[in-house]
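S.K.: Chains A and B, in that order, give the protein sequences.
Under the numbering used here, the first residue of the first sequence is numbered 83, with each subsequent residue one higher.
Under the numbering used here, the first residue of the second sequence is numbered -11, with each subsequent residue one higher.
Errors might be hidden in some of the hints.
To be verified - One-sided and incomplete, this derived list gives chain A residues near chain B with beta-carbon spacing under 7 Å:
no.: 1; residue: K86
no.: 2; residue: D208
no.: 3; residue: G404
no.: 4; residue: K413
no.: 5; residue: C414
no.: 6; residue: N525
no.: 7; residue: D695
no.: 8; residue: G699
no.: 9; residue: H702
Said to hold, decoys possible - To spell it out: a stretch of chain B is covered by chain A in this simulated footprint if at least three of its residues, at any positions, have a beta carbon under 8 Å from a beta carbon of chain A; those stretches are:
no.: 10; stretch: 75 to 87
no.: 11; stretch: 99 to 110
no.: 12; stretch: 264 to 277
Honestly, the hints are just simulated from the structure, not real lab data.
Bear in mind that the values here come from a model prediction, so they are computed numbers and not experimental data.
Every residue gets a Cβ at the ideal spot worked out from N, C-alpha and C, and that includes glycine.
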Amino acid sequence: MTIKEIFDTMDYGPAPESASEALQWLSDRGGIAGHYINGKWGPLRDDFPSNNPATSEKLAGVTKGTAEEIDTAVQAARKAQPAWAKSGHKRARVLYAIARGMQKHSRLLAVMETLDNGKPIRESRDIDVPLAIRHFYHHAGFAQLMRTELPDREPLGVCGQIIPWNFPLLMLAWKIAPALAMGNTVVLKPAEYTSLSAMVFAEICTEAGVPPGVVNIVTGDGETGAALVSAEVDKIAFTGSTEVGRKIREATAGSGKALSLELGGKSPYIVFDDADMDSAVEGLVDAIWFNQGQVCCAGSRLLVQEGISERFYTKLKTRMDGLRIGDPLDKCIDVGAIVDPVQLDQISKMVSANSEGETYQTKAPKGCFYPPTLITGLSPASTLMQEEIFGPVLVATTFRTPSEAVEIANNTRYGLAASVWSENINLALDIAPKLAAGIVWVNGTNMMDAAAGFGGVRESGFGREGGWEGLSGYTKPKTTAKPLKKIDAYTTEDGHPADPLDRTAKLYIGGKQARPDGGYSKPVYSPKGKLLGHASVANRKDLRNAVEAMNGAKGWSKSTGHLRAQILYYIAENLSARTEELAKRIKDLTGKSGQDEVEHCIRTLFTFAAWADKYDGQVHGVPIRGVALAMKEPIGNMAVFCDDGWPLLGMISPMAAAMAMGNRVTLVASDPFPLMVAELYQILETSDVPAGVANILTGDHAELAPHAAGHMDIDAVWSFSGADISGVIEKASAGNLKRTWVNHGKQIEPSARDMLAAATEVKNIWIPYGE
Amino acid sequence: MLAPQEATLQTTASPTMTTTQLPQVQEQRNDGVPLDLDWVMAAQANTSAIERRAKTLPGRRSVKKDYQAAWLCKAISLMDLTTLSGDDSEGRVRRLCAKARQPVAQPILETLGMEGLTTGAICVYHDMVPTAVDALAGSGIRVAAVSTGFPAGLSPFHLRIAEIKESVKAGAEEIDIVISRRHVLTGNWQALYDEMKEMREACGDAHVKAILATGELGTLRNVARASLVCMMAGADFIKTSTGKEPVNATLPVTLTMIRAIRDYQDRTGIKVGYKPAGGISKAKDALVYLSMIKDELGDRWLQPDLFRFGASSLLGDIERQLEHHVTGAYSASWRHAIG
């Protein structure tokens, strides 16, 4: 076209970023992506190709890592770890050097990322790469501060990290930076489709003076990943699909490996009728058409208030028409290529299988591209409203009231992120805490930063990446846990009662004493063989009833910390009044003086009562004009298998921690010494504890554990039990990916802070402001 | 009821004519609508979100090589070349008019194939209107006069109306009025509407651009609401600034105003023009503005009857860029004729 013709059409024209430097970089290195182990390259094999999805041309061959190669990498990491853990300041210097190195090679990283993944160069250049660099800068700071600010924490050791293809470099940074900062060494496996930016990163590590073995990269596919999961590592950090996350949860169950999972999502994007509609429409461009919608926290579920829905959809369609889709290396492109034909096929199939609502699609070029798509008129029951599509497809429905918006928003198995659009601060700040999500953006979307934790609830996984809250995933308390000795219940050949007046210990469910569903009881004997009484044998139906009771007590989670503190103090007061009696009962059961245990219970109740209104959240220093509020929220329904050795304290301690943070809890009392339940529920009954907030069962831990861990409406299971149930709990927890905290057969003595952290989820609420 | 009435394109106007025949009145003129306060008060503008969009736009849109040259020529054709100084004289205005006729050195235009390119209009104070009309006779370049007690707009109302009429009588085809900022700041939308309506009437056939002086309106929400009220009262263009406020045209303000224009068109079918003024001095900025207009309002707005840059120093930078495009060597300002 002549200039005159362009003057008349005012087309954008091509604005290509050159790929030649990146392609040259690859060819200079033999055109093969492979392992970087112990600071050295290799072996390098062309086991499968890495293609440019925009052109389907082969970019490089990729080495498929074997189990032996994984082991070699893990050994290198193991060997390098103690020295690496020594000096936080030295680590800070290295992390800073990595950040600087990435800055120097930023364009190479960006172009490589776009070539390999198909995302628009605008995004890799302006978002992925700068955020990745920011992560290393930020965590250089955490390395520096670890000694003084986290004096009670130490590194986990060797971390195995498996990352997805949607943000290859950014996810690498999110994994490696905190692990290294806290003194761990890593073995990272990039995604099968996208290994190339990790190669550039490895070279930057060498240049930055990362000691050999501290960062190891093993390329490969799912099998390589599985080998890493089963290798001798201390932690697995995984970002990817919920399906694979579930498998990893099962595979690591009982191994003692720490685990963090950042999985799928179907994040709601809620537009109220007083929102700035044009800005909310523009927000959707960043929510669902960013990275072709291949974003775990994509705002993929649009909920619009009914009265404005038609106007909103009209504006949205107009905006969609303006999206430019095509060559990802073009600087003027909004939507690039789908990562791989397999993924494209999956998106196409899901959308074409849908027959509900109305579908609006723009045009896409031939090849591995999918057009921006809007499907309106769906209902929560529609498959596409529930299933993650992981493509540029937005599904929409309407709501009438704020509470209905929350109800629809939370009607999902996922809980990663959410957006709320309203110009009414009261409304927005009321809705944000009510959403089941790890991240909420008020009048914004897809805002991320190294200073704020990222991660979800429910089946979106657990653990946080970024911020102070992200560091706990790469550290552990500095304690050496001793093996736990199994305590057996006393038996007898005598069978005569110690006290002829029978005392029946029932279960305590929903504020009422309840007989066990099964109708069985178990005798409990003193060390001297006298019959002390009978404990109810709870079964899975009693557990189910306890969960129903917990669900009936949701108001507790909204109560104030002050009120919860008052009730915990009141329990302590009533416990104190019965000290002599409780101590005697403990002595009857265990043969040891109960005085100390009762005192300890009162102290523990005071501790958690004290914390109830003091375990504050944070305001993170994120780079926006606004705040990111890291709010500590209760996890929800909890089940705890109590410490066998402490008949009363074993119940009081987790109960107080859970209740203090606003959780509802079901305790399964000490297996050998279950009879303290009767005393405890009498105290709870007189201490104004609302019905259902604390429920107590007695019964066989091993029998109840899989049911508790498998219950879809329990959000966390803790076990301090002497029974060998840690593996069972972790495995069964894969069902709804609930949080687990188990002892793996060790006597763990958590600090109050450890318990509080385990009893809460951090939700980051981003609130940009400005008028 | 105002139905959208797309006027038929003038079949006689060849594409080349659009560079010199400005503006072609192809759209139905905005006669305004009754003041609708529900609509006005429902207008929202989320500053942070608007700023984010404005901030990322330059990274999302890129125009290179021939396309860039063409776009820069377009920017010239959309320019209200402006002089609004207390020391303006007849000679100064004639010089500026000569520059408007020949905004870029002829050899460069010939290489680009853009002979005949002129600016959209000249913008001057009332006293300079006769000179400008005379200097531009036969060029097709329109003369715009700032009016109504520019820049503060605080002279007696009847004099402001009289000033409009004088300028129209003197040959100005476009009148850039300033609104009473206090009406916006006190939420007196009725007063703003009445004032604007009367000014529009005083303009007669001359087109009226309503200068909102956005730098003095306090919030983007006020900008959005004032934009709507002025359009309802019949403004042909809404314009950001006088160039005399501490903050003049910005991308967030632009986004707010053009979204109001889009909203007005959605509801009435009428297209209203937009003019950012003040502070746009780089060729690159002009490209960003054009891409914002293209993306948010559409290509139709990239014509002088619906878009203008109010600028005095922008042209100089564009000339340098165009020479660079033609020669491949970076240019110097003294190589280009001053206005």
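S.K.: Evaluate each hint against the coordinates.
M.R.: The hints, checked one at a time:
Annotation: interface hint on K86(A) holds; nearest CB of chain B at approximately 5 Å, less than 7 Å. For D208(A), the suggested interface contact is upheld, since its CB lies about 5 Å from the closest CB of chain B, less than 7 Å. This hint holds: G404(A) has a C-beta 5 Å from the nearest C-beta of chain B, less than the 7 Å allowed. Checking K413(A) against chain B by beta carbon gives a least distance of about 4 Å; that is within 7 Å, so the hint holds.
Interface hint status for C414(A): upheld, as the beta-carbon distance to the closest one in chain B is roughly 5 Å, under 7 Å. Contact between N525(A) and chain B, as hinted, is supported at the beta carbon level, the nearest pair being about 5 Å apart and thus within 7 Å. Proximity of D695(A) to chain B is violated relative to the hint, the smallest CB-CB distance being about 32 Å (cut-off 7 Å). Taking 7 Å as the C-beta contact cut-off toward chain B, the hint placing G699(A) at the interface is violated, the least distance being around 22 Å.
Among the interface hints, the one on H702(A) is violated; its C-beta lies about 17 Å from the nearest C-beta in chain B, farther than the 7 Å criterion. Chain A is given as covering the stretch 75 to 87 of chain B, and this is violated because 0 residues of the stretch bring a CB closer than 8 Å to a CB of that chain, at least three being needed. Interface restraint, the stretch 99 to 110 of chain B with chain A: holds (3 residues with C-beta to C-beta distance below 8 Å; minimum three). Coverage of a stretch by a chain is defined here by at least three residues with a beta carbon nearer than 8 Å to that chain's beta carbons; for the stretch 264 to 277 of chain B and chain A the count is 0, and the condition is violated.
Hints 7, 8, 9, 10 and 12, counting from the list given before, are not met by this structure.
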